[in-house]
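Protein sequence lines, in the order shown, are assigned to chains A, B, C and D. Counting in my numbering, the final residue of the first sequence is number 515, and the numbers go up one at a time with none missing. Counting in my numbering, the final residue of the second sequence is number 371, and the numbers go up one at a time with none missing. Counting in my numbering, the final residue of the third sequence is number 320, and the numbers go up one at a time with none missing. Counting in my numbering, the final residue of the fourth sequence is number 374, and the numbers go up one at a time with none missing.
None of these hints come from the bench; they were simulated from the model. Note that beta-carbon positions come from the ideal geometry of N, C-alpha and C, so glycine has one too. Hints are not guaranteed to be accurate.
Simulated DEER-style distance windows between Cβ atoms [as the list claims (entries may be wrong)]: (1) Asp115/A x Ser86/B: 27 to 33 Å; (2) Lys152/B x Pro110/C: 48 to 54 Å; (3) Asn201/D x Gln0/B: 39 to 45 Å; (4) Asn29/B x Gly104/A: 37 to 43 Å.
As a plain string of letters, each chain reads:
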Amino acid sequence: MKRTKRCLGLIATALAFTLIAASCGDDGGEVATTTTADAATTTADAATTTTAAAATTTEAAPVSDGTFDLGGGAVLDTNECPSGWDDTQGLTDDEIRIGISLPESGALAGFGTIAEGMQVFFDNADPIEGRSVTIVSRDDGYEPGKTVTNIGEMIDTENIFAFSHILGSPNNLAVRDTLNEECIPQLFNATGLPDWGDPVNFPWTIGQLLNYSTESLIWCDYFASEFGEGATVAALYANNDFGKAYQKFFEQCAPDLGLEIVATELHDPNADTVTPEVTTLAASGADIFVVGTTGASCPRAVGAARGAGWAATIMVSSTCQNIGLFWGPLHSSASGAAHGIQIISTTKDIGDPRWADDSWVMKVRSELEAAGIDPDAGAQQTGYAFAEQLDHSLREAAANGGLGRVNVMQASWQQDWEAQNALPGATIVTDGADDAYIVEAGEISMLNLPPDAEAGSWVAVTGDLIDVEGDLGSFAG
Amino acid sequence: MTPRTIVEGSALHRRVQGANWSLWIITIAILPFLVAIPLKPSVFGNSYTIGLGNVNEAIAWAVAVLGLNLLTGFNGQLSLGNSFFVGTGAYLTGGLVQTYHWSYLSTLVVVIPVCLAIGLIVGVPALRIQGLYLALVTFGLAAVFPTIVKLDQLDRFTHGSNGLNIESKLLPADWMPIQGTLEAIRKIPLIGDWTGTDTFSSRQNEAIYAYFLLVMIAAASFLLARNLIKSRPGRALIAIRDNEIGAEVSGINLSLYKAGAFGASALLSGVAGTMLAIDKNFVSPDELGINFAIFLVVGLIVGGSANLKGSLIGGFAVIFVRQWATQTKEVPLIGWELNGPYGQMVLGILLIALMFAMPGGIAYGLTKIRSRIYRVVPADHRGEAPTG
Amino acid sequence: MFLLAVSVDTDPELLLARVLDGLRFGSGYGALALALVMIYKATGVLNFAQGELALLGIYIAWALSVGWGWPIIIAVILAMFATATLAAGIERTIIRPFDPSNHLPLVIVTLGLFLAINSFVAVTWTTDLKALPSMFPKGNVFAVGVAHLTWSGLGMFITVLVMLGAVTLLLNRTKVGLAFRAVSSNIESAELVGIKVGQTLQFGWALAAAIGTLAGALLVPELQVLDPNVMLSTLVFAFAGAALGGLDSPKGAVIGGILVGLIRNVVVQSVSFIPSELSVGAAVFVILLVLLVKPSGLFGSSKVVRV
Amino acid sequence: MSEALLHVSDLEAAYGDVKVLHGIDFTVNVGDISVVLGANGAGKTTTLRAICGQVHTSGSIAFNGAEISQEATADIVRRGIAHVPQGRGTFPELTVTDNLEAGAFVRKDPEINADIDKWFEVFPVLGERPDQLAGSLSGGEQQMLAVARAMMSRPRLLLLDEPSLGLAPIIIEDLFGRLAAINADEGMTMLIVEQNANLALAVASHAYVLEAGTIAISGEPEVLSGDEAVRRAYLGY
């Protein structure tokens, strides 16, 4: 008996070591993050085209001593900045230091690799004013309290020029006051809350993503035109900042356009399943099923709806666009369940065969692969795409008066260009308080993933780019 | 080495005690100035931070752990739901300050009675439910708190899932000599060098002010807890933990004391919630869920259960060990580089290792180490080592 | 009683759908609760790492079946052996050195294991969503409107009952089962009749891990997709099921788990004034009510005070 | 003189830093009932626990000629020592029958069921309720069960730790009667630790008095009964 005991112990230890060894084998490449050696291959043309549209950018000139016009009546006033504030802090001779706080642990740890993807972009980009961009990242586990601590410490010890792409609405809200008081740019918040388009009150804060109110508005327009008045809608929202924002804006626009919301359910975002809620929604037999949630709940909701035999048109959140991340797994557990779901897409899904020959997608794939990262898995590709916008603002600032916090904010609030990551034909235009949102155009796509298909792709439903560019102005409370 | 024996009440004992206290007071007074601009010690190629933001948070956590300690450590009722009370305190403070423009400290007038009442209400059904069943039910309480906060009916007060941003700042008054103290500390040799040369920004001044405020609230809380434990009711709580039936037959009113323990625990937890709101100016629902509750238990046990110093240590351990775990990017000696969600693994292994080294918690571990240096014995038992 | 005072959905088709959902998920929670009960019986400790051992098993099964193309049933059986072995090793190396009568350090040790294993899985297999194949055929046994019974749901339900039967037989009809029950009843007396307590507890850990892995492999395909947090979110309901049924009763665990599934899918969804996002809260509330009437759960033995 | 079954010499035992036994020597002969008397805290229970390997010891314990002082409890049981600990030591959540089966855990022979029936005959109160949970039996019934459970391992030596504790006098008398009968019928060697010296001495063939961890007096029960000091201290008359 004693011997078996020891034996079991040995086997267990051996097993543990095998697993550890296996894990090292699996992502040995992932660990080596920022290899830049052979990256220079595909960059040159890409980097230059981004700035091609820059010529049309409105020249931003100082209004008066210490105040700078952002457009639409929004003004940046450096007189309100703390004493000792420095426009060029965080710029060293060869570095531009950008801070970011991300969940590297906890339920949303998957997003923690965004910083890695951003760094890959900049490692392959030309220097700006002779400086390379360094992404300094901290883990906040998606806890806003930790974000507050992280931001404070980074300001004090990391010599940060600007923060960019902090993830999460509560997290960004938690640090917005501080960053605006400290006059440190809070760029391109990676959340779709419309609050970020408020340059009059928060000139140092700007968002990037298609915001939830814009997305809801496009849904409403599309449903009304496609199904006509009296169409019935059942909606599932995550009970968090994200789902609640969808709920608020969708419930505002739906009644005006004659859409009837017949059932609404909120689900606990940490729940293992949304089946109880979806079963209730399915029983309503509504024409349209709106899925205002993200992460694992996205495919779970679709799977449950189809499992219940509900034939509604399903519209999922734009955050669930990544086929490999969300719909491939659902396809293997319930083949065909995701076939025909619809989405508003605003960017090129790099896993989509439609863009296989696109120069931008090829650049993303090759540079990520060169850095040892699987472009089809993980959030590095998202970070890479995010970096394009940051890169644009930095270069614009450098070209118009030189790198500095004020110039970067002005460049961000005064944009007019076409991003390679965006759908063809979509322009990125901002004009201070008159047009405070960056991504405002998308197309309705449908997932083509029939039961026997190997891989899926998004197919344009109408082929029209729905562009509400400039319609929303700025945040209205 | 044989430990030196110190007789209780002797001159030497008084001197040792005096030195202890002076050390504490000096540390408390100087600490914020040393870490207002975070220190970044580097260990085995890993850069760790010690900043005032974390220190302030840790002080609030220490009081929260203290609240749990009264209930679990001293009274033996295992609660996995104390985050519920912390959250209640934090939201009461946040709501009153943001919506009704109260001052931070004045909200304690509401937080204390409300949390006490909620604790008593929860404590009554807990009388019938014991041991792990109680742990599971309270765990549910922790799990449901974020959802309650996010209910539409409360939105006006809690600002729902985006969290409650408290715009009111805690500004130090002009007469407070923060910069002056800084200058004075800089003149101290060696220590002064750590404080750098920059003048503090207003954010750092606020953090220092918040620190001293939090220290005072924490000191009051620990004093209160200490007096409670040493009093008759405190002894009753411990008696119930050690032998419930025995306590009952010696005339202790079980219902009263067990519900009372919940009340006292909730009260201190609520105060801790207020402290968190003071520290962050921000309260968010998803932070105050089961994770918070579980790490309170970690703080309790890692610090040292049924030990007041343990609560203080536990609060700091939870904040700093967690942070340092995620900042560990290189494994010493082996030379592995860690990226991605390794932080949790480091934390998990650290917790297990800590329990192997000090199964009773850090506070008892330190006492053991101290007892190798000197032992304090009562005057009439000279030379005999105290047991237990 | 108070439930009658508010409106309740009465559409029979919907009610049937919810009951079927409830049984399906509930039997999964019950299976997981069974694993918790085995550990509780063995050590008196609530094992936070139970769900994560199962998670590791699920990912091993995934790697074997999807990665290496092995049949899923074989993959699951191998994963059960792997986690059982690992659990036995864990018991021997980092649980046994602790004083079994002092639960607090053990709570932290299992919590540390929870964090370490979860992180290990996330690092090894990334946090991207995956799909674990079901051990049962696809499709419905029958479907009436939104109500539908899948083969996998039926298969899971039957498997859980078989599993409960097997565990009951093992405990009541075998020598090792007798040893296990003796140890869980009185460690000192168990030693005095010649039972090797350490090995018996090790067996309990291994058995619980194997049961947990099987439970996970049954439940996860019902959840459509898999990520490293999947067991954490089901564990809350499994805990609730175990508490409801009685922490030391295998039968109670399974029934309790099923009841929790029904509460969540039928009661919370049908009763209008309970917001569905409060599903956890509602489940806890019902359990609280049960425990107030019956403090040791529906099937738990009211503890004989041990002197 | 008959053959020694258990021989203890220079036995010391400690709980942590606290030493309880300070070097004791005694012998139990085959077929005897030996009794250890002593006040609370004298080390009686520790002596039995030491024999079973449940406390850390030094010194020598020879059972049936083999040194067992460093063996694990489970192995000592397999050598043929059964222990009825203080406070019954049954399995409260198991049925009476299961308790007896657990008692036979170390046996592999096919006669276990026959033995269970036998002990049901010896203790009819148990035979009447084979499926009742042990925890729900009365104190006397539990003590009977504990003895029967210990006997189920077919030991060569039975250790009993204060079997009379907490029982009514009439039940104690009944119990000791049965112990004497078992000793006579089966030739079972017993080592009984007791405070109830009168009853114990009545059945004993040899007796020891333990005082603060050392053996103070030893001898035939008649001798001890005759000793003035012992009578006053332990026999109460």
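Results of checking the hints against the structure:
1. Asp115/A x Ser86/B: 27 to 33 Å: Holds, at about 29 Å.
2. Lys152/B x Pro110/C: 48 to 54 Å: Given range 48 to 54 Å: holds, Cβ gap about 51 Å.
3. Asn201/D x Gln0/B: 39 to 45 Å: violated, 60 Å
4. Asn29/B x Gly104/A: 37 to 43 Å: holds, 42 Å
Hint compliance for this structure: hint 3 is the single one not met.
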